[in-house]
Amino acid sequence: MDVSWFVKSFQEDYSTLYQHRDEESARKEIDGLLQKLPLPKTGRVLDFCCGDGRHARALARHGYEVVGFDLSEYLLEQAHQKTKDKNITYYRYDMREIPFDSEFDIVFNLFTSFGYFPDDAENEKVLHRMAQALRPDGHFVIDYLNPLYIEEHLVPESSREVENKHIVERRKIENGFVVKEINITENDQTRQFWERVRLYSLEEMKAMLSRAGMEVESVYGDYDFRAYSKEGKRMIIYGHCRK
99 MDVSWFVKSF
109 QEDYSTLYQH
119 RDEESARKEI
129 DGLLQKLPLP
139 KTGRVLDFCC
149 GDGRHARALA
159 RHGYEVVGFD
169 LSEYLLEQAH
179 QKTKDKNITY
189 YRYDMREIPF
199 DSEFDIVFNL
209 FTSFGYFPDD
219 AENEKVLHRM
229 AQALRPDGHF
239 VIDYLNPLYI
249 EEHLVPESSR
259 EVENKHIVER
269 RKIENGFVVK
279 EINITENDQT
289 RQFWERVRLY
299 SLEEMKAMLS
309 RAGMEVESVY
319 GDYDFRAYSK
329 EGKRMIIYGH
339 CRK
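Residues in the sequence shown are numbered consecutively from 99, following our numbering.
All clues given are correct.
Okay, the calculated beta carbon distance ranges per label pair:
id	residue 1	residue 2	range
1	V260	R190	22 to 32 Å
2	R340	V260	40 to 50 Å
3	H226	V266	29 to 39 Å
4	R268	E110	16 to 26 Å
5	Q179	E122	12 to 22 Å
6	D286	V253	18 to 28 Å
7	S113	L252	19 to 29 Å
8	S327	G274	13 to 23 Å
9	E122	V253	19 to 29 Å
10	T288	S308	38 to 48 Å
11	R340	D218	19 to 29 Å
Derived DSSO-like pairs: lysine-lysine, alpha-carbon spacing no greater than 30 Å straight-line:
id	residue 1	residue 2
12	K328	K270
13	K126	K278
14	K180	K139
15	K139	K331
16	K126	K180
17	K304	K328
18	K331	K304
19	K223	K331
20	K328	K223
21	K223	K270
It is worth saying that the hints were derived from the structure and are not from the lab. Quick reminder that beta carbons are idealized off the backbone N, C-alpha and C, glycines included.
Make a model of the complete structure from these sequences and hints.
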(Lines of atoms letter the chains of each structure in order from A and count residues from 1; the text may use other names and numbers.)
(Lines give C-alpha, C1' and ligand atoms only; values in the text may rest on other atoms or scores of the structure.)
Protein backbone atom coordinates (compact mmCIF):
# COMPACT_ATOMS: atom_id res chain seq x y z
CA MET A 1 0.00 0.00 0.00
CA ASP A 2 1.27 3.45 -0.93
CA VAL A 3 2.10 5.34 2.28
CA SER A 4 0.60 8.44 0.66
CA TRP A 5 -2.83 6.85 0.32
CA PHE A 6 -4.50 10.22 0.90
CA VAL A 7 -3.05 11.63 -2.33
CA LYS A 8 -4.99 9.04 -4.33
CA SER A 9 -8.08 8.88 -2.11
CA PHE A 10 -9.08 12.54 -1.85
CA GLN A 11 -10.18 12.90 -5.45
CA GLU A 12 -13.53 12.74 -7.27
CA ASP A 13 -14.53 9.41 -5.72
CA TYR A 14 -14.21 10.94 -2.26
CA SER A 15 -17.17 13.20 -3.04
CA THR A 16 -19.22 10.13 -3.96
CA LEU A 17 -18.25 8.15 -0.86
CA TYR A 18 -19.01 10.96 1.56
CA GLN A 19 -21.81 12.85 -0.15
CA HIS A 20 -23.84 12.59 3.08
CA ARG A 21 -21.24 14.87 4.66
CA ASP A 22 -22.89 17.93 3.20
CA GLU A 23 -23.45 21.63 3.90
CA GLU A 24 -26.30 20.95 6.31
CA SER A 25 -24.33 18.45 8.42
CA ALA A 26 -21.40 20.89 8.53
CA ARG A 27 -23.71 23.72 9.62
CA LYS A 28 -25.14 21.60 12.45
CA GLU A 29 -21.68 20.50 13.60
CA ILE A 30 -20.29 24.05 13.64
CA ASP A 31 -23.42 25.45 15.31
CA GLY A 32 -23.14 22.78 18.00
CA LEU A 33 -19.45 23.41 18.64
CA LEU A 34 -19.96 27.17 18.90
CA GLN A 35 -22.94 26.77 21.24
CA LYS A 36 -21.38 24.15 23.52
CA LEU A 37 -17.73 25.19 23.75
CA PRO A 38 -16.38 28.45 25.23
CA LEU A 39 -14.96 29.60 21.91
CA PRO A 40 -14.43 33.26 20.98
CA LYS A 41 -17.32 34.61 18.91
CA THR A 42 -15.10 36.66 16.62
CA GLY A 43 -11.59 36.37 15.23
CA ARG A 44 -9.48 34.48 12.72
CA VAL A 45 -9.96 30.73 12.43
CA LEU A 46 -8.12 27.95 10.58
CA ASP A 47 -9.96 25.03 8.99
CA PHE A 48 -7.10 22.54 9.24
CA CYS A 49 -7.56 20.14 6.28
CA CYS A 50 -10.63 21.87 4.89
CA GLY A 51 -11.58 19.48 2.07
CA ASP A 52 -14.20 21.14 -0.09
CA GLY A 53 -14.69 23.89 2.50
CA ARG A 54 -18.06 22.91 3.95
CA HIS A 55 -16.99 23.67 7.54
CA ALA A 56 -15.14 26.81 6.42
CA ARG A 57 -18.35 28.13 4.87
CA ALA A 58 -20.32 27.34 8.02
CA LEU A 59 -17.74 29.24 10.08
CA ALA A 60 -17.75 32.19 7.69
CA ARG A 61 -21.49 32.56 8.14
CA HIS A 62 -20.85 33.16 11.84
CA GLY A 63 -18.69 36.13 10.89
CA TYR A 64 -15.22 34.68 11.40
CA GLU A 65 -12.32 35.44 9.10
CA VAL A 66 -11.61 31.92 7.83
CA VAL A 67 -8.52 30.34 6.32
CA GLY A 68 -8.77 26.80 5.00
CA PHE A 69 -6.04 24.59 3.62
CA ASP A 70 -5.85 21.13 2.12
CA LEU A 71 -3.46 19.04 0.06
CA SER A 72 -6.01 17.83 -2.49
CA GLU A 73 -6.14 20.01 -5.59
CA TYR A 74 -9.46 18.42 -6.52
CA LEU A 75 -11.12 19.24 -3.18
CA LEU A 76 -9.69 22.77 -3.18
CA GLU A 77 -11.11 23.31 -6.65
CA GLN A 78 -14.48 22.17 -5.30
CA ALA A 79 -14.06 24.56 -2.37
CA HIS A 80 -13.47 27.53 -4.67
CA GLN A 81 -16.46 26.59 -6.83
CA LYS A 82 -18.82 26.26 -3.85
CA THR A 83 -17.63 29.29 -1.87
CA LYS A 84 -19.17 32.71 -2.35
CA ASP A 85 -18.19 34.07 1.07
CA LYS A 86 -15.68 36.94 0.94
CA ASN A 87 -14.22 36.14 4.37
CA ILE A 88 -12.67 32.79 3.36
CA THR A 89 -9.22 32.21 1.88
CA TYR A 90 -7.98 28.78 0.72
CA TYR A 91 -4.41 27.51 0.41
CA ARG A 92 -2.79 24.25 -0.68
CA TYR A 93 -0.41 22.83 1.93
CA ASP A 94 0.73 19.54 3.41
CA MET A 95 -0.50 19.54 7.02
CA ARG A 96 3.06 18.87 8.23
CA GLU A 97 4.42 21.97 6.51
CA ILE A 98 1.92 24.78 7.03
CA PRO A 99 3.66 28.17 7.41
CA PHE A 100 1.27 29.86 9.88
CA ASP A 101 2.75 31.27 13.08
CA SER A 102 0.62 32.66 15.96
CA GLU A 103 -2.10 33.80 13.56
CA PHE A 104 -5.34 32.13 14.65
CA ASP A 105 -7.79 32.40 17.52
CA ILE A 106 -9.23 28.93 16.83
CA VAL A 107 -8.05 25.90 14.88
CA PHE A 108 -10.65 23.35 13.77
CA ASN A 109 -9.45 19.89 12.67
CA LEU A 110 -12.63 18.01 11.79
CA PHE A 111 -13.85 14.69 10.38
CA THR A 112 -10.76 12.60 11.22
CA SER A 113 -8.15 14.70 9.44
CA PHE A 114 -5.38 13.32 11.65
CA GLY A 115 -3.35 10.12 12.01
CA TYR A 116 -2.68 9.72 8.28
CA PHE A 117 1.04 8.98 8.47
CA PRO A 118 2.73 5.63 9.20
CA ASP A 119 5.26 7.24 11.52
CA ASP A 120 4.09 8.51 14.93
CA ALA A 121 6.65 11.32 14.82
CA GLU A 122 5.08 12.64 11.61
CA ASN A 123 1.61 12.59 13.14
CA GLU A 124 2.88 14.39 16.23
CA LYS A 125 4.56 16.96 13.99
CA VAL A 126 1.09 17.83 12.70
CA LEU A 127 0.01 18.75 16.24
CA HIS A 128 3.09 20.95 16.65
CA ARG A 129 2.15 22.77 13.43
CA MET A 130 -1.37 23.18 14.79
CA ALA A 131 -0.02 24.71 18.00
CA GLN A 132 2.35 26.94 16.05
CA ALA A 133 -0.57 28.33 14.05
CA LEU A 134 -2.43 29.37 17.21
CA ARG A 135 -2.07 32.66 19.03
CA PRO A 136 -1.17 32.50 22.75
CA ASP A 137 -4.17 30.99 24.57
CA GLY A 138 -5.78 30.17 21.21
CA HIS A 139 -8.39 27.40 21.13
CA PHE A 140 -8.44 24.12 19.23
CA VAL A 141 -11.11 21.56 18.34
CA ILE A 142 -10.12 18.12 17.02
CA ASP A 143 -12.86 15.79 15.80
CA TYR A 144 -11.18 12.40 15.55
CA LEU A 145 -12.43 8.83 15.35
CA ASN A 146 -12.99 6.86 18.55
CA PRO A 147 -10.72 3.78 18.61
CA LEU A 148 -12.70 2.23 21.47
CA TYR A 149 -15.87 2.30 19.37
CA ILE A 150 -14.13 1.05 16.22
CA GLU A 151 -12.53 -1.88 18.02
CA GLU A 152 -15.97 -3.07 19.20
CA HIS A 153 -18.12 -2.18 16.18
CA LEU A 154 -15.90 -2.63 13.12
CA VAL A 155 -17.91 -3.84 10.12
CA PRO A 156 -15.55 -6.09 8.10
CA GLU A 157 -17.38 -5.59 4.80
CA SER A 158 -20.27 -3.56 3.42
CA SER A 159 -21.60 -2.61 -0.01
CA ARG A 160 -23.90 0.05 -1.43
CA GLU A 161 -25.03 1.64 -4.68
CA VAL A 162 -24.40 5.35 -5.22
CA GLU A 163 -24.97 7.18 -8.53
CA ASN A 164 -24.80 3.96 -10.60
CA LYS A 165 -21.60 2.99 -8.82
CA HIS A 166 -21.25 -0.23 -6.83
CA ILE A 167 -19.13 0.42 -3.75
CA VAL A 168 -17.58 -2.34 -1.62
CA GLU A 169 -15.70 -1.36 1.54
CA ARG A 170 -13.59 -3.84 3.52
CA ARG A 171 -12.26 -2.85 6.94
CA LYS A 172 -9.69 -4.27 9.34
CA ILE A 173 -7.48 -3.22 12.21
CA GLU A 174 -3.82 -3.84 11.42
CA ASN A 175 -0.73 -2.84 13.41
CA GLY A 176 -2.52 -0.03 15.24
CA PHE A 177 -4.27 1.36 12.15
CA VAL A 178 -7.82 1.05 10.91
CA VAL A 179 -7.57 0.22 7.22
CA LYS A 180 -10.40 0.52 4.72
CA GLU A 181 -10.10 -0.99 1.24
CA ILE A 182 -12.53 0.66 -1.17
CA ASN A 183 -13.58 -0.81 -4.51
CA ILE A 184 -15.79 1.24 -6.82
CA THR A 185 -17.21 -0.47 -9.91
CA GLU A 186 -18.64 1.73 -12.66
CA ASN A 187 -19.33 0.68 -16.25
CA ASP A 188 -17.70 -2.71 -15.58
CA GLN A 189 -14.46 -1.02 -14.49
CA THR A 190 -13.24 -1.23 -10.88
CA ARG A 191 -11.14 1.39 -9.10
CA GLN A 192 -9.44 0.48 -5.83
CA PHE A 193 -7.94 2.67 -3.14
CA TRP A 194 -7.48 2.77 0.62
CA GLU A 195 -7.86 4.83 3.75
CA ARG A 196 -5.47 4.20 6.63
CA VAL A 197 -5.72 6.04 9.96
CA ARG A 198 -3.73 5.51 13.13
CA LEU A 199 -5.84 4.48 16.12
CA TYR A 200 -4.59 6.76 18.92
CA SER A 201 -6.11 6.35 22.37
CA LEU A 202 -7.32 9.39 24.29
CA GLU A 203 -4.32 9.08 26.59
CA GLU A 204 -1.95 9.07 23.60
CA MET A 205 -3.69 12.09 22.10
CA LYS A 206 -3.46 14.01 25.39
CA ALA A 207 0.24 13.21 25.70
CA MET A 208 1.03 14.30 22.13
CA LEU A 209 -1.02 17.47 22.49
CA SER A 210 0.74 18.30 25.74
CA ARG A 211 4.15 17.89 24.13
CA ALA A 212 2.97 20.25 21.38
CA GLY A 213 2.02 22.85 23.98
CA MET A 214 -1.74 22.30 23.96
CA GLU A 215 -3.91 21.62 27.00
CA VAL A 216 -7.02 19.42 26.76
CA GLU A 217 -10.01 20.85 28.60
CA SER A 218 -12.88 18.56 27.60
CA VAL A 219 -13.57 15.49 25.47
CA TYR A 220 -16.89 14.34 23.99
CA GLY A 221 -18.08 11.19 22.26
CA ASP A 222 -20.35 12.75 19.64
CA TYR A 223 -21.92 15.98 18.40
CA ASP A 224 -24.62 15.66 21.04
CA PHE A 225 -21.74 16.30 23.46
CA ARG A 226 -22.18 13.21 25.55
CA ALA A 227 -19.20 12.21 27.68
CA TYR A 228 -16.45 10.36 25.83
CA SER A 229 -16.78 6.58 26.19
CA LYS A 230 -16.60 3.42 24.10
CA GLU A 231 -20.25 4.06 23.13
CA GLY A 232 -19.54 7.28 21.21
CA LYS A 233 -18.44 7.20 17.58
CA ARG A 234 -16.19 10.27 17.87
CA MET A 235 -13.39 11.67 20.01
CA ILE A 236 -14.04 15.42 20.03
CA ILE A 237 -11.22 17.17 21.89
CA TYR A 238 -11.40 20.81 22.97
CA GLY A 239 -8.60 22.81 24.58
CA HIS A 240 -6.24 25.76 24.34
CA CYS A 241 -2.65 26.54 23.49
CA ARG A 242 -0.37 27.07 26.50
CA LYS A 243 2.17 29.36 24.83
